[in-house]
Amino acid sequence: MIVELGHFALVLALATALVQMLLPAWGVQARDRQLMAVAEPAALAQLSLVLFAFLALMHAYVTSDFSVETVWANSHTAKPLVYKIAGVWGNHEGSMLLWVLILALFGAAVALFGTNLPARLRANVLAVQAAIAVTFLLFIVLASNPFLRIPPQSEGRGLNPILQDPALAFHPPLLYAGYVGLSIAFSFAVAALIEGRTDAAWARWVRPWTLAAWICLTLGIAMGSWWAYYELGWGGWWFWDPVENASFMPWLAATALLHSALVMEKREALKVWTILLAILAFSLSLMGTFLVRSGVLTSVHAFAVDPRRGIFILTILVVLIGGALALYAWRAPRLQPGGLFAPISREGALVLNNVLLTTGCATVGVGTLYPLVLEALTGAKISVGPPYFNLTFGPLMLPLLAAMPFGPFLAWKRGDLAGVAQRLLAAALAALVALVIAYALVWRGPWLAPFGIALAVWIIAGAVCEWAARVQLLAAGADRVWRRARGLPRSAHGTTLAHLGIGLTLVGIVATSAWQSERVLAMRAGDSTEFSGYTLAFRGVAPAQGPNYQEQVALFAVTRSGSPVTELSPAKRLYDAPRQPTTEAAIHVAFLSDLYVVLGDELKDGSFVVRLYFNPLVRLIWIGAVVMALGGALSLSDRRLRVGAPRRARGAQAAHALSTE
Amino acid sequence: MTRKQRRAVFLVLSVCVVTLALLLMAFALRDTIVFFRTPREVVEMAIAPGTRFRLGGLVAEGSLRRGAGLTVAFAITDRVNTISVSYTGILPDLFREGQGVVAEGKLDGAGHFIADSVLAKHDENYMPAEVAKALKAEGLWKDAGKSEKR
Numbered sequence: 001m002i003v004e005l006g007h008f009a010l011v012l013a014l015a016t017a018l019v020q021m022l023l024p025a026w027g028v029q030a031r032d033r034q035l036m037a038v039a040e041p042a043a044l045a046q047l048s049l050v051l052f053a054f055l056a057l058m059h060a061y062v063t064s065d066f067s068v069e070t071v072w073a074n075s076h077t078a079k080p081l082v083y084k085i086a087g088v089w090g091n092h093e094g095s096m097l098l099w100v101l102i103l104a105l106f107g108a109a110v111a112l113f114g115t116n117l118p119a120r121l122r123a124n125v126l127a128v129q130a131a132i133a134v135t136f137l138l139f140i141v142l143a144s145n146p147f148l149r150i151p152p153q154s155e156g157r158g159l160n161p162i163l164q165d166p167a168l169a170f171h172p173p174l175l176y177a178g179y180v181g182l183s184i185a186f187s188f189a190v191a192a193l194i195e196g197r198t199d200a201a202w203a204r205w206v207r208p209w210t211l212a213a214w215i216c217l218t219l220g221i222a223m224g225s226w227w228a229y230y231e232l233g234w235g236g237w238w239f240w241d242p243v244e245n246a247s248f249m250p251w252l253a254a255t256a257l258l259h260s261a262l263v264m265e266k267r268e269a270l271k272v273w274t275i276l277l278a279i280l281a282f283s284l285s286l287m288g289t290f291l292v293r294s295g296v297l298t299s300v301h302a303f304a305v306d307p308r309r310g311i312f313i314l315t316i317l318v319v320l321i322g323g324a325l326a327l328y329a330w331r332a333p334r335l336q337p338g339g340l341f342a343p344i345s346r347e348g349a350l351v352l353n354n355v356l357l358t359t360g361c362a363t364v365g366v367g368t369l370y371p372l373v374l375e376a377l378t379g380a381k382i383s384v385g386p387p388y389f390n391l392t393f394g395p396l397m398l399p400l401l402a403a404m405p406f407g408p409f410l411a412w413k414r415g416d417l418a419g420v421a422q423r424l425l426a427a428a429l430a431a432l433v434a435l436v437i438a439y440a441l442v443w444r445g446p447w448l449a450p451f452g453i454a455l456a457v458w459i460i461a462g463a464v465c466e467w468a469a470r471v472q473l474l475a476a477g478a479d480r481v482w483r484r485a486r487g488l489p490r491s492a493h494g495t496t497l498a499h500l501g502i503g504l505t506l507v508g509i510v511a512t513s514a515w516q517s518e519r520v521l522a523m524r525a526g527d528s529t530e531f532s533g534y535t536l537a538f539r540g541v542a543p544a545q546g547p548n549y550q551e552q553v554a555l556f557a558v559t560r561s562g563s564p565v566t567e568l569s570p571a572k573r574l575y576d577a578p579r580q581p582t583t584e585a586a587i588h589v590a591f592l593s594d595l596y597v598v599l600g601d602e603l604k605d606g607s608f609v610v611r612l613y614f615n616p617l618v619r620l621i622w623i624g625a626v627v628m629a630l631g632g633a634l635s636l637s638d639r640r641l642r643v644g645a646p647r648r649a650r651g652a653q654a655a656h657a658l659s660t661e
Numbered sequence: 001m002t003r004k005q006r007r008a009v010f011l012v013l014s015v016c017v018v019t020l021a022l023l024l025m026a027f028a029l030r031d032t033i034v035f036f037r038t039p040r041e042v043v044e045m046a047i048a049p050g051t052r053f054r055l056g057g058l059v060a061e062g063s064l065r066r067g068a069g070l071t072v073a074f075a076i077t078d079r080v081n082t083i084s085v086s087y088t089g090i091l092p093d094l095f096r097e098g099q100g101v102v103a104e105g106k107l108d109g110a111g112h113f114i115a116d117s118v119l120a121k122h123d124e125n126y127m128p129a130e131v132a133k134a135l136k137a138e139g140l141w142k143d144a145g146k147s148e149k150r
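Taken in order, these protein sequences are the chains called P and H. For the first sequence, position 147 (counting from the first letter as 1) is numbered 147 according to my numbering, and the numbering increases by one without interruption. For the second sequence, position 129 (counting from the first letter as 1) is numbered 129 according to my numbering, and the numbering increases by one without interruption.
Hints listed in this document are in silico derivations from the structure and should not be mistaken for laboratory results. Keep in mind that the hints are not guaranteed to be accurate.
Negatives, chain H to chain P, calculated, CB over 12 Å [said to hold, decoys possible]:
1. 2
2. 5
3. 8
4. 12
5. 44
6. 60
7. 79
8. 98
Partial selection, computed: residues in chain H whose CB lies under 7 Å from chain P [to be verified]:
9. 10
10. 16
11. 19
12. 23
13. 24
14. 25
15. 28
16. 33
17. 45
Straight line, CA to CA, 25 Å or less: simulated DSS-like cross-link-like pairs of lysine-lysine [to be verified]:
18. P:413 to P:604
19. H:106 to P:413
20. P:266 to H:4
Note that the Cβ used here is the ideal one computed from N, Cα and C, for glycine as well.
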């Protein structure tokens with residue numbers, strides 16, 4: 001019964017979304033305030049209905065209602081509760097419903113918190129938001145209905161065991177929040193094009209939403225990478241796999257958008273470009289959904305999917321993206337060009353950031369889609385692997401990273417490069433020292449790697465320098481520094497933290513890629529081996545029983561120069577439903593580096609294949625991502641953003657005041 | 001600097017970056033891509049030893065042999081031709097005889113494939129799309145029981 005109600009609520013949500021799409025837009029054309037005002041209650045109603053549908057589906061999962069097809073195909077009574085819940089979005093149908101739920105959530109947030117937006121803009125934004133909802137709800141109801149009934153089954157087929165993991169339970173919601181959060185920027189962009197005007201207030205509204213989406217994307221991607229690292233047992237953290245790229249491209253575009261929206265907010269420049277970026281960022285999100293869910297790409301992460309749905313999603317893509325771009329081509333020339341600035345200026349630096357980020361994003365896109373296009377054209381099947389991305393994306397990021405510390409130091413309108421270089425002297429020195437230390441400490445590995453470390457230290461020290469200069473850390477007394485630090489807008493602290501996070505992640509990436517040690521060997525119970533300064537004694541393998549799996553658990557006693565460090569227990573599991581083996585790596589965290597042990601198959605002579613990794617500083621990759629997200633959160637909590645956009649007249653004044661700051 | 005000149009500066013910058021990107025992409029796509037081949041194609045095209053490619057098909061039944069060491073030998077077949085493969089390391093969890101597999105590596109002089117990676121898939125019933133397509137092309141696709149875990 002609840003399932004039918006959920007289904008019904010979903011159809012009602014579709015109807016509500018249709019109303020929300022048509023009436024306010026008509027109201028804007030007819031200048032009818034009452035029609036425009038329909039948007040808010042409609043957005044809230046749509047959220048309630050979708051939420052009800054989602055909870056109904058969750059109820060079916062929690063109570064293991066195996067007369068529902070998706071529950072039967074993806075759940076099992078013996079599964080722990082948290083994975084029954086996570087199972088809701090661990091499959092195609094449920095994850096699409098989650099997608100629409102988050103979309104409705106964001107739409108309702110605009111309706112609730114957007115009371116100070118100009119009425120026409122708000123009506124248009126909500127109408128566009130509803131248009132996205134309509135297409136996706138149509139898709140769910142017609143092609144991917146999670147509420148379909150089947151003859152009741154006694155037991156479900158279970159969730160793919162590698163998805164039964166805490167990190168992966170929350171990875172999709174975060175990633176989707178990031179994808180869908182960009183829909184707000186998209187809706188605002190389209191609304192601005194319909195209106196034919198944008199201003200600083202517009203950018204001021206778009207930036208926090210983009211920032212929120214960006215935080216979710218950053219955390220979502222980091223969590224996915226972390227999951228792949230420890231769950232898949234390959235010792236790697238990023239594979240340039242199409243599905244990973246699909247989430248990485250929106251991140252790059254969103255990062256670019258954050259920076260260009262800044263220029264638009266402070267200086268009213270780059271309007272046309274920012275609008276285009278907003279459209280592109282969400283288009284890439286849609287494409288990400290499409291790539292992951294359609295099965296057109298060969299990917300290690302692609303879970304069994306149905307290509308027929310791909311056609312439907314492709315249509316959605318063409319309608320939404322094509323429509324927005326056509327509108328852009330038609331209306332963008334009408335937008336007034338904004339403020340002037342010299343090439344060497346904060347704006348100039350942000351333009352460089354945008355050029356490099358979008359070009360980098362394009363190279364990733366080409367590498368991801370090239371196999372598809374080539375196969376469609378010639379029938380040849382190829383794969384584009386990490387070497388391609390390292391060769392194209394890497395070099396493009398180098399100038400961006402090298403220029404990063406300069407940006408926040410440069411003044412708006414016209415900057416003084418020599419002066420900034422002088423103020424960054426300390427950072428340059430720190431980088432040089434790091435280079436020398438890296439060479440002195442590590443004698444093996446690629447000769448370029450210490451330069452990578454130096455680059456990362458340059459970014460970190462540059463961020464610290466900039467912060468120190470702002471609070472006059474060295475020039476003033478402690479209480480004055482404290483006062484200045486408190487007086488600094490939170491978004492400034494946020495910038496420092498986010499840039500610092502990039503540096504930390506880069507240290508982790510360089511160290512792990514260059515200095516990872518790996519060894520595969522056969523070990524018999526009682527054997528011990530030396531590896532990266534540790535001694536691992538293999539005690540043997542014993543069977544164990546988990547809630548819904550059986551496992552073979554190995555025991556390794558780890559010592560370092562005679563003193564015990566830890567015991568590691570990598571395992572091989574065999575899940576009951578579906579009957580599928582998984583490998584559970586065991587990881588010892590030594591400061592920021594990982595000793596990583598994987599148990600392989602048993603050999604004929606009773607010994608086991610064992611794979612050992614030592615990943616130096618690998619933790620920094622994810623710590624850096626968390627620091628970036630914290631920086632974003634700090635910036636998001638900035639009072640100026642929280643207050644939202646002032647009224648239009650005041651907005652223009654405020655922008656003017658800021659620009660003369 | 002006039003508006004025009006400023007615009008020119010950014011235009012030149014963008015053109016430089018894009019050109020650099022295009023050159024890098026052209027270079028990388030020529031040198032780093034890896035072709036996917038079925039055993040039949042390997043035989044028909046007489047692929048030269050030392051060329052990197054991905055070999056995809058089914059793990060031939062009864063072909064898996066494990067020595068005392070770490071090297072595993074098996075054969076990849078598309079039921080037309082069969083190629084013997086050796087691989088040193090840990091096979092993916094879902095590696096099984098009769099299942100789809102993709103191995104990446106090179107042929108040695110004797111037509112034996114030396115793999116340096118064997119692709120894992122996350123899903124038990126998953127068939128690498130390339131393998132499925134190749135099997136369909138060879139007319140060996142068995143649909144029953146395969147398409148059903150969506």
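Verification of the hints:
no.	hint	result
1	2	10 Å, violated
2	5	9 Å, violated
3	8	10 Å, violated
4	12	10 Å, violated
5	44	14 Å, holds
6	60	18 Å, holds
7	79	18 Å, holds
8	98	15 Å, holds
9	10	6 Å, holds
10	16	9 Å, violated
11	19	10 Å, violated
12	23	9 Å, violated
13	24	4 Å, holds
14	25	5 Å, holds
15	28	4 Å, holds
16	33	5 Å, holds
17	45	11 Å, violated
18	P:413 to P:604	72 Å, violated
19	H:106 to P:413	56 Å, violated
20	P:266 to H:4	22 Å, holds
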